[in-house]
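Chemist: As a plain string of letters, each chain reads:
There are 2 protein chains.
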Amino acid sequence: MKVYLAGPEVFLPNAREVLDRKIALTRRYGFTPISPGDLEVPATDTKRSKGVAISSINERLMMSSDMIIANLTPFRGVAADVGTAFELGFMCARGCPAYAFSNTSSSHFDRVARSYDGHVYTDAQNRPRGPDGLAVEDFDMVDNLMLDGGIEARGGAIITREVEAAELFLDHQAFEECLNIAATRFLR
Amino acid sequence: MKVYLAGPEVFLPNAREVLDRKIALTRRYGFTPISPGDLEVPATDTKRSKGVAISSINERLMMSSDMIIANLTPFRGVAADVGTAFELGFMCARGCPAYAFSNTSSSHFDRVARSYDGHVYTDAQNRPRGPDGLAVEDFDMVDNLMLDGGIEARGGAIITREVEAAELFLDHQAFEECLNIAATRFLR
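So the sequence lines, in the order shown, correspond to chains A and B.
Under the working numbering, read the first sequence as residues 852 to 1039, first letter to last.
Under the working numbering, read the second sequence as residues 852 to 1039, first letter to last.
Just chain A, with the same shape it has in the complex (with noise of 0.2 Å):
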């Protein structure tokens, strides 16, 4: 069973060696590994080419693998990197089983509460808003309610824990918990 590993750690300065470590752990529950990265981009003209040649790279990959493990752990702001949203979707669409996890415990309504700097009001339809007048979303979640939706309507799970910022992209433990509960799930 293939496993996409999808997640912002593509962009550390020693992502080699941490998606190392991801694609290890996987094998380590009985799980192959698909990681972006592990094809050759090929050469290109123009800086568009050559990102377009690597998302076309990474949707191959993504066909190829039977379910994705993805890391919402915010990335430069309140909420997960857009291209692991892209991918979640992706994933779900295809019907696949889809994991995530997150190395901050906070919910999505905590975070967007305190980049507000708690400055959150209730319309007259009782629903929570910023200063800005944007509704912000208050369904006990991790994240935007398509990427925990998606997730939970595929029997998946996701799994939060509050990690030190220094390991935030490092720790690896709630990413090891997806693949045990997927492991006693499909595999055992």
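Any given hint could be a false lead.
Which copy? The list can't say, so a pair holds if one copy fits it or any two copies do.
[As the list claims (entries may be wrong)] Calculated cross-link-like contacts (lysine to aspartate or glutamate; reagent style EDC-like; alpha-carbon spacing at most 20 Å):
1) Lys898 <-> Asp961
2) Lys901 <-> Glu891
3) Lys901 <-> Asp974
4) Lys898 <-> Glu910
5) Lys898 <-> Asp974
6) Lys853 <-> Asp889
7) Lys898 <-> Asp991
8) Lys898 <-> Glu1003
9) Lys901 <-> Asp961
10) Lys853 <-> Asp917
11) Lys853 <-> Asp871
12) Lys901 <-> Asp889
13) Lys901 <-> Asp989
14) Lys901 <-> Asp991
15) Lys853 <-> Glu1028
16) Lys898 <-> Asp989
Calculated from the structure, these hints are not laboratory results.
Given chain A, put chain B in place with the hints provided.
Modeler: Showing chain B alone in chain A's frame:
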């Protein structure tokens, strides 16, 4: 031809009005609009089950759609709304034509560099990175390469326009341009 209208407009204080304008424009170009919030959410016991119910409705609406137009205007930070990114990935996996727009003309690279106050350096592999060591994608793209790449691979387009801040989620010109391009391709 049914078009799923993805975007963070659902969070606006005047969401219904804005969505109704997008629905009317979509009809004017000859498409059938499919918009999140078009179906009634059943009563649920918990916050979380309500979120899951909305996700399920939106997935069903996407499964009934033939195309997506996604609003990738940056939402609460440097990147697109993650729910919209999930939906774009979902429709790309279904092989549907995908279009998008953003009401800012700044590239992903420009926005991330600005979030680092311009402190972007180039590493030994000539890859731009922020002071936190995280790589900054530099592919002349509107957002993360999975989003731009997924749209391009399906023959779509991303339209960008610089819109004044107060109109960021209210200006429909770039959205209308997507409708026009798609109508030329599929309906004329």
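Chemist: Between copies, within a copy, both or neither: which fits Lys898 and Asp974 at Cα up to 20 Å?
Modeler: between (45 Å within a copy, 17 Å between copies)
Chemist: Between copies, within a copy, both or neither: which fits Lys901 and Asp974 at Cα up to 20 Å?
Modeler: between (46 Å within a copy, 18 Å between copies)
Chemist: Taking 20 Å as the upper bound on the Cα-Cα distance, should Lys898 and Glu910 be classified as within, between, both, or neither?
Modeler: within (19 Å within a copy, 34 Å between copies)
Chemist: Given identical chains, is Lys901 near Asp961, meaning Cα to Cα at most 20 Å, within a copy, between copies, both, or neither?
Modeler: Cα proximity of Lys901 and Asp961: across copies only (18 Å, versus 37 Å in one copy).
Chemist: First find the shortest C-alpha distance between Lys901 and Glu891 inside one copy, then the shortest across copies, and answer within, between, both or neither for a cut-off of 20 Å.
Modeler: Answer is within: at 11 Å inside a copy they meet the 20 Å cutoff, but 43 Å across does not.
Chemist: Under a CA distance limit of 20 Å, which applies to Lys853 and Asp889: within one copy, between copies, both, or neither?
Modeler: within (13 Å within a copy, 36 Å between copies)
Chemist: Please sort Lys898 with Glu1003 into within, between, both or neither, judging by C-alpha distance up to 20 Å.
Modeler: Close across copies (14 Å), not inside one copy (37 Å); limit 20 Å.
Chemist: Measure nothing new, just compare the shortest in-copy and cross-copy C-alpha distances for Lys901 and Asp989 to 20 Å and report within, between, both or neither.
Modeler: Classified as between; 10 Å across copies, 39 Å inside a copy.
Chemist: Using 20 Å as the alpha carbon limit, work out where Lys853 and Glu1028 are close: within a copy, between copies, both or neither.
Modeler: within (17 Å within a copy, 40 Å between copies)
Chemist: At 20 Å max between alpha carbons, let me know whether Lys853 reaches Asp917 within a copy, between copies, both or neither.
Modeler: Only inside one copy: Lys853 and Asp917 sit 5 Å apart there, 29 Å across copies, limit 20 Å.
Chemist: How would you label the pair Lys898, Asp989 (within, between, both, or neither) given a Cα cut-off of 20 Å?
Modeler: Answer is between: at 7 Å across copies they meet the 20 Å cutoff, but 39 Å inside does not.
Chemist: Quick one: Lys853 to Asp871, C-alpha cut-off 20 Å, is that within a copy, between copies, both, or neither?
Modeler: Result: close within a single copy only, 16 Å intra versus 43 Å inter.
In this structure, none of the earlier numbered hints is contradicted; all agree with it.
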